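Engineer: One-letter residues, chain by chain:
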Amino acid sequence: MTGQALYAVLGCGLFCLGFHALVVAAHPLRRLLAVNVMGSSVFLVLVAGAAPGDPLPQALVITGIVVAVAATALGLNLLLRLAVPAAADEPADGEGGS
Amino acid sequence: MKAFASAALALLLAGLAAVLAWTVTRPVTPGRDVPALIAGALDVSGVSHPVTAVLLNFRGYDTLLELVVLLIALAGVRCLAPLPPPRGSAPVGGVLRELASLLLPVLVLVAVYLLWAGATRPGGAFQGGALLAAAGILALLAGRDRFLWRLEHRLWPLACLGVAVFLAVAAGTLAAGGVLLGLPSAHAGTLILVIEGFALLSIAVTLVALFLGTGELEDRDP
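Heads up: the protein sequence lines correspond to chains A and B, in order.
Position 48, counted from 1, in the first sequence is what my numbering calls 49; the numbers after and before it change by one each time, with no gaps.
Position 1, counted from 1, in the second sequence is what my numbering calls 26; the numbers after and before it change by one each time, with no gaps.
The shape of chain B in the complex, shown without the other chains:
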């Protein structure tokens, strides 16, 4: 009976795969030429990389709500009761500690570079934020808990900063031009950089906090 059920399931899923494959390989009726529209409006977007222009200008609403999703996930994690602290955690080795102190400045520098590069080439707040979060997690694993303990005390202000700045810009554009997130082309580049800078910080802090989860920090600094 069980073999029959799994065979039936496999057959059904193979059928689903076939239908999906047929669907995605069908020719698409040409609609509006979106790449050309984006390329045409790139001059007024404030950045020269089309993906960044879409993320922060043309579809800025998506990115704003994406930051809100991160915040909601963080709120969900912080709502959980804290786990009991792990027993018998090994002391941090000297190699890891030295490696972390070598790598941390480089990681922070590359994260900021990625943010800056996002205007003209692949990069941006999310890539930089992921890298900065990796730096934070490395610091956590290398036992630099005191820094992260301080961070945890300012967790919510730091995590909300990105959304707050984004909302402030949205409110400003609504008041000035009447269009929500319709960035004026003269200042679009600066505004995008400001939004991305604060978003980078908030994304990194949120990702580190999500990695930390509900576990409470132990002070392992010597």
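Bound conformation, chain A alone:
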């Protein structure tokens, strides 16, 4: 088995580890991290599975990383909103809110 194929196989293992955490974990932050691990494993498979020096998968992975970062940021912000207890959520001074 070549080194590259080994990385691709490791990526498959990483994907399943992330999927396991996604299924088992109850805390949303752990689930978000699990989805990130799954995404990273896909990037690993994409780069390791390509021919050496093929620029197309590298460009796709760069695109994917940026999209993953954006999705993670959105997820973390949603988590923060979930974490704040509803009682502390009232606008303090009549301004804002619905």
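Treat the hints with caution; some may be incorrect.
[Unchecked claim] Just the calculated beta-carbon pair ranges, DEER-fashion:
hint : chain 1 : residue 1 : chain 2 : residue 2 : range
1    : B       : 219       : A       : 6         : 38 to 44 Å
2    : B       : 48        : A       : 37        : 19 to 25 Å
3    : B       : 163       : A       : 23        : 31 to 37 Å
4    : B       : 201       : A       : 66        : 31 to 37 Å
[Unchecked claim] A few chain A residues that don't get close to chain B, going by computed Cβ distances all over 10 Å:
hint : residue
5    : 16
6    : 29
7    : 30
8    : 31
9    : 32
10   : 34
11   : 36
12   : 38
13   : 40
[To be verified] Coverage of chain B stretches by chain A, computed from C-beta distances (three or more under 8 Å per stretch; other residues unrestricted):
hint : segment
14   : 26-36
15   : 56-66
16   : 82-93
Keep in mind the hints are simulated off the structure, nothing from the lab.
Only a predicted model underlies this, so the values are computations on that prediction, with no experimental measurement involved.
We treat Cβ as the ideally placed atom computed from N, Cα and C, and that holds for glycine.
Following the hints, position chain B against chain A.
Structural biologist: Chain B in isolation, oriented as in the chain A frame:
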């Protein structure tokens, strides 16, 4: 029962891992030689680094939509109701403030260098944008909120600039040559640099805003 369920899950996932590993190690039937195609068309792409050529020229559509994804994520974050401001935030230390004032110019310089280097070697708008966003976050942590407060007031124009310029170039190429994002090879290098420059700014602003999230800025400047 729970132990049985987790054992079954582990077994299923091990099976999935085995199937996936078998799939990725199978020999691929050779199709079109994409690396050779890219290398052959590199002369007309305007840049000499193949990854940048793919990102900004051959598959420019991907990159345009990637910038749109960033914008959509930003819109999603800004839609959320603002969090209550954190209580008892500590004042920014002098060491952090001094370190930030030393590091910020260097970070901005390296970000612009990465943008420029993208034409010939690894680098480009996303790497530079990430670095510029790191500079912005450092400025935020070091308490330079007034600068970021100004930034926040121009958030949407700055965040949309990259997509707007990219779309303008796309419309221009469509009008001039009839192909969406078919950059004319004579001006491709310049056009790519212009697109990347504005994309760099928009990516950095968007990432800083995503880091800020829904929290409202407090003015901590002395």
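Engineer: With reference to the structure, classify each hint as holding or not holding.
Structural biologist: Cross-check of the supplied hints:
1. Under the hint 38 to 44 Å, the C-beta atoms of residue 219 of chain B and residue 6 of chain A, about 41 Å apart, fit the expected range.
2. The supplied range of 19 to 25 Å is met by residue 48 of chain B and residue 37 of chain A, whose beta-carbon atoms lie about 22 Å from each other.
3. For the hinted restraint 31 to 37 Å between residue 163 of chain B and residue 23 of chain A, the CB-CB distance of approximately 33 Å keeps it satisfied.
4. Restraint check, residue 201 of chain B to residue 66 of chain A: a C-beta distance of roughly 33 Å satisfies the suggested window 31 to 37 Å.
5. Against the 10 Å criterion, residue 16 of chain A falls within the reach of chain B, whose nearest CB is about 7 Å from its own CB.
6. The beta carbon of residue 29 of chain A is kept farther than 10 Å from every beta carbon of chain B, the shortest such distance being approximately 15 Å.
7. Against chain B, the non-interface label of residue 30 of chain A holds: every CB pair exceeds 10 Å, the least being about 15 Å.
8. No beta-carbon of chain B is positioned within 10 Å of the beta-carbon of residue 31 of chain A; the least distance is around 16 Å.
9. Residue-level check passed: residue 32 of chain A sits 15 Å from the nearest beta carbon of chain B, beyond 10 Å.
10. Residue placement check: residue 34 of chain A keeps its beta carbon more than 10 Å from all beta carbons of chain B (closest about 17 Å).
11. Every CB of chain B lies more than 10 Å from the CB of residue 36 of chain A, the least distance being 15 Å, so the non-interface label holds.
12. With a least beta-carbon separation of about 13 Å from chain B, residue 38 of chain A lies farther than 10 Å from that chain, consistent with its non-interface assignment.
13. Chain B leaves residue 40 of chain A outside its interface by the beta-carbon criterion, the shortest separation being 14 Å against a cut-off of 10 Å.
14. Note: the segment 26-36 of chain B has 3 residues with beta-carbon separation from chain A under 8 Å; the three-residue rule is met and the coverage holds.
15. Coverage of the segment 56-66 of chain B by chain A holds [criterion: at least 3 residues with CB-CB distance below 8 Å; count 3].
16. A stretch counts as covered by a chain when three or more of its residues have a beta carbon under 8 Å from one of that chain; for the segment 82-93 of chain B and chain A the count is 4, and the coverage holds.
Going down the numbered hints, you'll see the structure goes against just number 5.
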